[in-house]
Structures are given as C-alpha cells and as structure tokens.
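Trainee: One-letter residues, chain by chain:
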Amino acid sequence: MFVPNSNAFPEKSSNAIADPQLQEALGLLRVQSIPNRLKAVDKLPEFEALRDRARDLKDHILGHLDQYLLQFEEQVKLSGGEVHWCSDAESARQTILRLCREAGAKTVTKGKTMIGEEISINDFLSENGIEPVETDLGEYIIQLRKETPSHIIGPAIHVTKRQVEQTFREHHTDLEPARSLEDPNALMAEARAKLRDRYFEADVGITGANFFIAETGSTVIVTNEGNGDLTQTLPKMHIALTSIEKVVPTLDDAMTLLRVLPRSATGQELSVYVTFSTGPRRQTDPDGPKAFHVVLLDNGRSGYLGGPMQEMLRCIRCGACMDHCPVYHAVGGHAYGWVYPGPIGSILTPALVGVENAKHLPHASSLCGRCESVCPVRIPIPKLLRHWREEEFTRGITPAVQRSGLGLWAWFAKHPALYRFAARWGTRLLRLIADGRGSVSVLPLAGGWTKHRDFPAPQGKTFHDQWRAQRSTGGAK
Amino acid sequence: MSTDRDRMLATIRAGVSRSNTKGAPKPGPLVPERGQQTGRALVELFRKQAEAAAATVVEVARAEDVPAAVADYLRGRNLPPQIRLSPDARVNALDWKSQPLLETSTGASDGHDLASVTPVLAGVAETGTLMVHSGAATPNTLHFLPETHIAVVYADELVGTYEEGWKALRAQRAGDLSKGAMPRTVSFVTGPSRSADIGKILLMGAHGPKRLHVIMVDAKRPRH
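Just so you know, the protein sequences line up as chains A and B, in that order. Per numbering that gives the first Met the number 0, residue 0 is the first one in the first sequence, and the count goes up by one each step. Per numbering that gives the first Met the number 0, residue 0 is the first one in the second sequence, and the count goes up by one each step.
Certain hints may be false.
[To be verified] Short derived list, chain B residues pointing at chain A, Cβ under 7 Å:
no. : residue
1   : D3
2   : R17
3   : P26
4   : A107
5   : I200
Calculated from the structure, these hints are not laboratory results. Fair warning: this is a prediction, and the values are worked out from it, not measured in the lab. Glycine residues also receive a C-beta, built at the ideal position from the N, C-alpha and C atoms.
Whole structure, please, built from the sequences with the hints as guidance.
Mentor: Written out as structure tokens, the structure is:
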C-alpha cells in the first residue's frame, strides 16, 4: 500500500542528498526541464493570456462543479457507459474489484494514473488475485523495482539508465544474459516487446483521465507512448479513474487546458496522443472494449471547495512546479512520502492525508515563488503553503522549538525598543564572530544550518538605524 | 442509507454555495493566431509543425498518386511492402493495383500488421496534429498497433486550429456531439510514439507507431 510517510521528510531528504545515483538523475531534470518549458512558451505569444484563461476556466468549473458532474454522468449514460461515485479510496478499490470480477479478469493492463496510486489499486488487485501490469515505460520500470513514482509526469525520474539496465536483466530472465543493453533504444525495444502480448492478454484496461468532458461524457488521456490507447482499446472493459475536479464543460474548453498542459509539463507543443474516449464499442465498430466505466473519486477534495485551499483544486497535474522547485531538485520525489511530491504535493498531501501526517511538507519550501511563476493555472502555491503553516501553528502541530522561537520573536516585535536594542547588538556580535570574513561558518544553536553553508554576516547598521539616518538627512521622503 | 453519490453531491453543493467562484463566468475562447492561416501558408505551417514533432510529410497532387507515394516511402526505408488499409473509401478505394509489389489487406489490426494506411478526420496546422477517430470505417487499432502509420490528408481536411477540427466532426454529426454522438475515440496524434522515461533520454517508438508519415493530397477528399 502507498501509505503516507510524509512525516519522515527530514530523514528521507538527508538520505536523498547523500545518494549519488539519485543526485545524478536529478541533475538531468534540472538541466532539461526548465529550458524545455521555456522554449515551448517562447513559441506561443498567447501563452501568458492562455494561463489566465485556464485559471478562469478552472474557477468557473469549481463554481459550478455539481452541475457539470451531473451533466457528465448523464452523458456517460447516454453513450452506454457508467459513472461510479466513490467518496474515498476504499470505495473506489471495491468498485474497481467488483468491475474486474464482472469481467472475469485475471490480468489488468494499466495506463499511468495518479488516482490509481492515490488508492493503491495495484496492491489491492494483487491481494485479490488479479495481476496489474503497468504499461507506461516509467511505471513499468518502477513496478519491477517495487518502487513508487517520484514525479507525477516521469514516475521513474529517480532511476538512471544504468539502473534500468540492471532491473531489466534481473527480471527479463528468459532473454540472453549476454545481450547488449548499452544503447537505451535496446532497453525500450525490450520493454515494448515484453508488454506487447500483455495488452492482448488483459481482460480489463485501467487508465487515468487528465480531464473529462461534461458536454459529451468523454474521458481524456494525454500520453506520449501510446500505451494508454492500447490499454483502453484492446481489453473487453475500459475503466477510467479520475477525480471530481477534473471535469471540463466542453470539448473546446478542454483545448484551452491542452494548450497549457503539455507546454508546462514536457515543453511539447502537444503531447503525442491526446485521446477522448466516449462509451464502449459501438455496434458497427470493429474494435474497442465492450464496457466503459468511470470511477469518480472524491477522497476529501469536495471539503476544500469554498474554503481557503480551494485554489489547489485548479491543478491540472503538469509537474512544472516540481520541475522548477529548488527543494525538489535537491531531494527528489520520494522524500515527500506520498503520491504527489514537490510544491503542489506539499499542499495536496496535507489536504488529503491530514496536515498532522504531513507536518514538514508546508515547510519544505523557501517560498521563493518559482512554482507559482510557472503554474499554468496560476495556483498561489506559496500563499497556500503559508496557510498550512498557520494551521499547524494554531493546532499545535508545529514543533515546540519552532513555537517557542516564534514566541520569542513575537515578544521582541511587540517591544520595539528592546527589539532595536537586540538587533543592534546582534548584528555587531555577528560581525565580530565573522572577524572580517563577511560570513560565519559556525553559529550557536544553528549548527544544522552552518554545517552545509556559511551564514552571511550583516554588513552595516540595522535597517532601523539606516532608516533613521536617511530620514534625518532628507534622503527618503 | 445515503450513497457515495448523495454524500459527494451534498458536500460539493455546500462548498460551491460558499465559494467565491460560485457563478464565476466562463472565459471566452482564446485561439492562438498562429493557426489562423489559409492556402499555402496553412500547408506550410502543418508541414513545419508535423516535422518538428518528428513526423515525415510529402505532398502529392492527386488522390491517384497516393499508392505510389506509399510504395516509395516503404521502399525508401527498406520496410516490407505490406499495408493494412482502413475500410474507408478515402484510402480503400484508391487504385492499389497500380503498385503490384504492394501487398494490401483491409480491416482492424490484430497486432501483426507492420504498416497501416488510414484517412484522418482533420489535419490541424497549429501543432502539426492529426485528428483520427474510431468507427466502422476507421478501426482504432490501425492508429496504434502497426510500427508505421501512414495517414492521408486531403486539402479540405486541413484546418488551422483544434476548434476547427471539432467543428468538422460536429458538422458530420448534425452539429451535436452529445448523447452518444461522439465516436468511441477521437485522438489528436502529433508525431510518432516516444518516451523519456529511461534516464531522461528521448527515445522514439515506445508502444505506439515508431514512424508517422503524412501524405498530403492537394485535392478535395473523394465523395462517398
């Protein structure tokens, strides 16, 4: 089971920083993702205006959510499919198991679905005698390695090419052990060949849905490999897993989101395959599944509508926030301890598993704001992180050292004369410790901080002193 | 006993009613200028964008030239001269006998076909994208299973923007795609299959077609 383990963030992030293979993998992310997005954005003059539209469209949707969900359900019925409302993970798991049993399923192929991760569907199906087979290359790699995804777009982003080679040699034992896998194309060809037969053997295909359309009752997947399309076309039943906030009013509205999603996610103008699926095989269709089901998960999301965290429900899962986050760059996705890593994960995880179970995540940010600056639907991520910090403080979740530190600071702040006195002597003391070197390498009570970098010593007088001096000489009006 | 559906709808309604986005207006469409072209500029844009997505493109003057263009393409890449055709007049009715070396068959794919030749619903110039859909005459398996997908785009199927693509489909279905009028699948295909899941290296040909070849016909689609 993908049990949330986000409270282990401090230990996990320390281990991540000390892991050379992970750091090699993350290094590639840093140098590729940022310029890729920028190139795509530069090619489309309307990109910033489209972000505004995407934000406004999502706000409109969240302000009419009940209406669009009901319209979607009606349209799915009219096209011969069925919608299953599932308020929590357990309800979704039971629904999927029941559907798989109806189809007499022994094996299930899967396209990439973060909702599937959220409800730990693979382990659950395995426990119940149904074999889940991941078909997205990244998901396939981590399924063999018995790992969880570390990025919402590139689930195996933490795995190096060399490690993929090792994994394939360990698991594809029917193949010639001396075969060359030096060329990464050979690795992909091997995975392609291995998975080809599995598509045809599977009784049920489970995919996610990036969006679903109220106008037509369609679910939408966005992929580059084509595995999602084979997953939903070849078995006799297609189950799409999605969550309530992903509904979009019309086909044309979806294109607004599709103009910002791939550019933000992978720097592509459009992902290779964007497929709208509506209902089961028609009477005259020569191929396609005979049954079409949509599992609509809530899992606590609806409780955030109309509250201070509502804006997080605008997220379209592009991953740009993690691609641009200095904290994610340093520690990777596993440190965050659950399905959604990076800045958006630091907001979603406390919301979906409880802030007491993810208390470090809202602090795993310098609030530099890069995430907000690239978010295609302009989610004010730093503001929402601050909201969780406040909530932790109010509910007494914040650790005692931080609480007393903040209390001490607040006491000084309420006594301006003392504050100025302490600040003036504090800066002098720091300058003294720095001893003309401009920075301090050992700081009492902050050894954890100075262990990895020096603390810059104050260079002049305090702000208050400078302010007073400028005012008296007429320098500032 | 209340169902999951009742509970979810109740919470959603309560949330919507206190939300500051309740009744927020839907923004109007913003269609990028790039795709708003006609004539030669539209063809050039489509070609440029499709090639940027690693598809290959050739132009032919007449529908009659398509079989030779298919044979040339396969020969040029040393691929076996075997093709599986969509049972659709736009490709199936062409004179394939004119290419005696080309082995043709028609219908959905069982996974053993190396190359398919299919029509499209539309070619969308803004990103060099093909819109294809499933149906009696256009099996979906032909768009995803073969290693090589060859698509034939007639001049009047080429549009500038995604919205025009949807408009073309709506026009085929009395202007309304609701109530089951949508084909089972509509796919926007931009270039051949790929993945960057192995060490962030971009590799072509993951699970779908390894090659996507577009034959653009400078003539209107045959009526049928």
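Trainee: Output the indices of the hints that this structure fails to meet, ascending.
Mentor: none
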